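Peer 1: Chain A is fixed; fit chain B with the ligands onto it per the hints.
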Amino acid sequence: MRKRLKINNLQAFLQELQKQATLIAPVKTDAGEREFRPVEQVADIVLEGSNPLRSPKEYLFPQMETLYTFHLQKDGKATLKETLHNEPQIILGIRPCDLHAIAYVKEFYSTTHQDVYVLEKWKHTILIGWACQNPLNTCFCTSVGNSPVDSKGADIMMAKTDSFYLVEVLTVKGKDLIEKIPSLLEDSPEADNEVLPSIQKQTESMIREKVDLLSIKGRIDSAYSSSIWKSYSDVCIACGACTFNCPTCTCFDSADLLETCQDGCRYRTWDTCQNYAFTLHASGHNPRATREARLRQRVMHKYQYSVEQLGLFSCTGCGRCTRSCPVNIDMVSIIKDIKEVVDHGEE
Amino acid sequence: MEKNKKIPSSTNNPYLPFFASIREVGQQTSTVKHFLVDLPKENYPEKFIPGQFYQLSIPGVGEAPISVSDYDPINHTLLFCIAKTGVVTSQIHTLQKGDYLGLRGPFGNGFPMDTFRGKNIVLVAGGIGLVPLRSVVEDYFRNQDQYGELEILFGARNSQEIIYREEMKQWRLKKKTTCKITIDKPEKGWDGNVGFVCNLVDKSYCDCSEVLFHHTSPDQTNTVILVVGPPVMFQSILNNLSTIHFPDDLVYVSLENHMKCGIGKCGHCNCGGKYVCQDGPIFSWKELKTLEKEY
Ligand SMILES: Cc1cc2nc3c(=O)[nH]c(=O)nc-3n(C[C@H](O)[C@H](O)[C@H](O)COP(=O)(O)OP(=O)(O)OC[C@H]3O[C@@H](n4cnc5c(N)ncnc54)[C@H](O)[C@@H]3O)c2cc1C
Ligand code: SF4
Ligand code: FES
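Protein chains in written order, with our numbering: chain A, 1 to 347; chain B, 348 to 642.
Check before you lean on any hint, since a few could be wrong.
As the list claims (entries may be wrong) - A short, non-exhaustive set of chain B residues, derived as facing chain A with CB atoms under 10 Å:
{"id": "1", "residue": "L363"}
{"id": "2", "residue": "G539"}
{"id": "3", "residue": "N540"}
{"id": "4", "residue": "F543"}
{"id": "5", "residue": "C608"}
{"id": "6", "residue": "H615"}
{"id": "7", "residue": "C616"}
Claimed, not checked - Label-pair ranges, simulated between beta-carbon atoms:
{"id": "8", "chain 1": "A", "residue 1": "A238", "chain 2": "B", "residue 2": "V434", "range": "20 to 30 Å"}
{"id": "9", "chain 1": "B", "residue 1": "K516", "chain 2": "A", "residue 2": "E346", "range": "55 to 65 Å"}
{"id": "10", "chain 1": "B", "residue 1": "N390", "chain 2": "A", "residue 2": "M206", "range": "54 to 64 Å"}
{"id": "11", "chain 1": "A", "residue 1": "R219", "chain 2": "B", "residue 2": "E393", "range": "13 to 23 Å"}
{"id": "12", "chain 1": "A", "residue 1": "K230", "chain 2": "B", "residue 2": "N586", "range": "24 to 34 Å"}
{"id": "13", "chain 1": "A", "residue 1": "M206", "chain 2": "B", "residue 2": "K431", "range": "51 to 61 Å"}
{"id": "14", "chain 1": "B", "residue 1": "N586", "chain 2": "A", "residue 2": "S222", "range": "50 to 60 Å"}
{"id": "15", "chain 1": "A", "residue 1": "S222", "chain 2": "B", "residue 2": "R519", "range": "46 to 56 Å"}
Simulated from the structure, these hints should not be mistaken for lab results. Since the structure is predicted, the reported quantities are computational estimates derived from the model, not experimental observations. All C-beta atoms, glycine included, are put in the ideal place defined by N, C-alpha and C.
Bound conformation, chain A alone (with noise of 0.2 Å):
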C-alpha cells in the first residue's frame, strides 16, 4: 500500500503517531547535534540532515539493560523476577542502513536460544524508514550492496519529495498502525514508482566511493594472513568507539550489581572486541592478545564471520565507525585494501 501525505499535514501525521505509542525520532539535542531520542514535541523532530552518530540500536538493544533482579532468601536461594520490556514504540527516520542494521541485529538474536530481551522489544516495535538524500563522506552503504533507498527491515517507508511526502507500507505492523491514523494520506498515483528511484539515484551519485564488496563475499577471509592489518592497528588506540557506534555491534558484557545485601540485579552492558581482557582466558592465554589481532576480529565478523553465520554482511555502510575513530581509521581505505588482496594478493 502506498500513500501521499502532503507538506503540511507532517506535523499533524507525526502527533498521530505520538498518540499510538512512544515516538521515537531524531530531534536535536542542546548540543546542537541530532540524536534518536523518545519524542517531547514533535516540533522537535528533524527529519533532514545527516544521520545521527548514535544509531536506533540502542532501543532494542541497550547500552545498559537488566536482566533480572533478585531477592536473596535466607538458605542463598534467589527469586527472581524477569525484567522485559515491550511497551509499544515507533522508531521513525531510519535510514536504510540503520534498518539494515536492526534487521541484521534482529536476526542474530533470533537464532538457538532466542534473546528474549532484543525479540520482545522488536515485536512491539514499529520501524519507519526514511529514504535518503544526505550522505556524508563516509557513507559507503553502496559498497556492502545497500542503496539509500532499500526499504528492508522497515514497517513503513517514508520519502521526501518537493511537494509531498511518500508513504509506503509494507508489512501487517505498518498496515495496523496506518489505518489507525484517519484521513491524513491520500491516494499515491501511478507516477509515485519514481520517486525512490530518482532519490537513489540522486544520492548515489554523491556518495563518495563504492567498493565491490559483493563479487569477493564469502572469500574475504583469504585476508586473513595479509600486512593489511598491521598498518592500521599500529596507530588505533584500542579505544572501542568504532564498536559502541556500530549500529550492528551485538557483543555485551554482564555481571551483577548488589543494592542491599539482599536485593541486586543480573545487568549487560555492551562490550568491545577491541579490549584486550575480551578473550582473555582463566588460564592467562589470550587468543587475541594484539591490537593487529583485535582490528581484524572486528573488520572479518563484519565481512567474513557473519556472512558463515547468517549469509549476510554485518556491515552496512553507515560509515559511523569511521566517523567516530579518533584516529581517523577509515572503513572506505580498509575495504580497499581488503578487495586488492582478495583479488590480486599481496604485493
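Peer 2: Only chain B with the ligands this time, still in chain A's reference frame:
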C-alpha cells in the same frame, strides 16, 4: 514470580538461572573442589552429552562456565570440579552442603559419543582438563559393552595437583581400562612417569599409550582420541599425532575460550565463523585446522 502487565514473564528465557542445592562438597587439591548438586525435577536436562557445560552463578557475584564431570541420570545429580581462579570461583569455593548454586544449561555440543560406539577411546588430559573428560569416563562405564578399550593419559603439574585420585584407582581395576599419570618434574616419593603428558602419545617414550602403540595390531580407524588442556598442551599432542599420521577426524579437542552468555550471543568466545560456546566447545582436529587460530 510476580507478573504484571508491563513485565511479562517468559518461560523460555535462556538468561535465567534455576537453583540447585549442593549435596556434597569435597576437596580435590589445595585449589580444586568438587560439588555434587541435586537437580530440581523441572530442570532435568532433556538430554545430556558428555563434554557439555553449565553456567554456574551466585547472585550478586557473577557467573562462570564450568564443565560437567558427571550427570547421573538415575539420581539426577550433576558433578562439577572447580579450580579457584578468580571472583566467582572463589565464592563458589565457600559454599557448603545445603547451599544453593545458580545454574543455566546444559550448553555446548558435547562429544559425538554415538560415533564412538565400538571404538577404543583414548583420553589425554592436562590438569583440570580431566574434568570434562570424566563425563566421558562415566558414560563409558555405564555403557562399557558398547565401546572398545578405555585409556586415560593424565598429566598434572605435580603430585599435589592430581584430581580424581581415588576414582582413578577404581578405574584402573576395571576391565578394558588403563590409566597412566605423569607429573611435570621429579619429586621425592614419586615413582611414576615424569615429564609432560605429550610424552604418553610419543612412540619413543617407554611408557607410551597402550592402545596407540602396544596393541598387536593397532588400527587407527578404530580409536578416537579426546584431548583437553591448555592450548600449548593440546598443540604439542596434535604435533605428536601428526607424526604418526593419526586421522584428524578421530581426534577431538575441547576449547576454553572466555565465555559470558554460553548461548552464542555475547560474542566473547567468537572464533572465526564459530561461537565456541554453541558450535563447540568440542571440535574435531579436522575442524580446528580450518578455524582461525584464535582459541
Ligand atoms: C567451556 C568451559 C568450561 C570450563 N570448565 C571448567 C571446569 O570444569 N572447572 C574449572 O575450574 N574451570 C573451568 N573453566 C574455566 C572457568 O570458567 C574460569 O576459571 C572462570 O570463569 C573464572 O571465573 P572467576 O570469576 O572465578 O575469575 P575472574 O575473577 O573473572 O577472572 C579470572 C581470569 O579468568 C578469565 N575469565 C573471566 N571470566 C571468564 C569466562 N567466563 N570464561 C573464561 N575465562 C574467564 C579472566 O579473563 C581472568 O583472567 C571452564 C571454562 C570454559 C570456557
Ligand atoms: S575507533 Fe579507531 S582507535 Fe578506537 S578502537 Fe576503533 S579503530 Fe581503534
Ligand atoms: S559465550 Fe557468549 S557467545 Fe559464546
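Peer 1: Hint by hint, note whether the structure agrees.
Peer 2: Comparing the hints with the structure gives:
1. Given the 10 Å rule on beta carbons, the hint for L363 of chain B holds: about 6 Å separates it from the nearest Cβ of chain A.
2. The criterion of a C-beta within 10 Å of any C-beta in chain A is not met by G539 of chain B, whose closest approach is roughly 25 Å, and the hint is violated.
3. Evaluation of the N540 of chain B hint against chain A yields a violated restraint, the C-beta minimum of about 23 Å exceeding 10 Å.
4. Proximity of F543 of chain B to chain A is violated relative to the hint, the smallest CB-CB distance being about 16 Å (cut-off 10 Å).
5. Hint status for C608 of chain B relative to chain A: holds, with the closest Cβ pair at about 7 Å, below 10 Å.
6. For H615 of chain B, the interface hint holds, the least distance from its beta-carbon to any beta-carbon of chain A being 6 Å, beneath 10 Å.
7. With 10 Å as the threshold, the beta carbon of C616 of chain B comes within range of chain A, its nearest partner Cβ sitting at about 8 Å, so the hint holds.
8. Distance hint check for A238 of chain A and V434 of chain B: the Cβ-Cβ separation is about 24 Å, which falls inside the suggested range of 20 to 30 Å.
9. Roughly 57 Å separates the CB atoms of K516 of chain B and E346 of chain A, a value that falls within the hinted 55 to 65 Å.
10. About 57 Å separates the C-beta atoms of N390 of chain B and M206 of chain A, a value consistent with the hinted range of 54 to 64 Å.
11. The hinted range of 13 to 23 Å is not satisfied by R219 of chain A and E393 of chain B, whose Cβ atoms lie roughly 39 Å apart.
12. The given range of 24 to 34 Å is respected by K230 of chain A and N586 of chain B, whose C-beta atoms sit roughly 28 Å from each other.
13. The hinted window of 51 to 61 Å between M206 of chain A and K431 of chain B holds, with their beta carbons roughly 60 Å apart.
14. About 26 Å separates the C-beta atoms of N586 of chain B and S222 of chain A, a value inconsistent with the hinted range of 50 to 60 Å.
15. A hinted range of 46 to 56 Å for the beta carbons of S222 of chain A and R519 of chain B is consistent with their spacing of about 50 Å.
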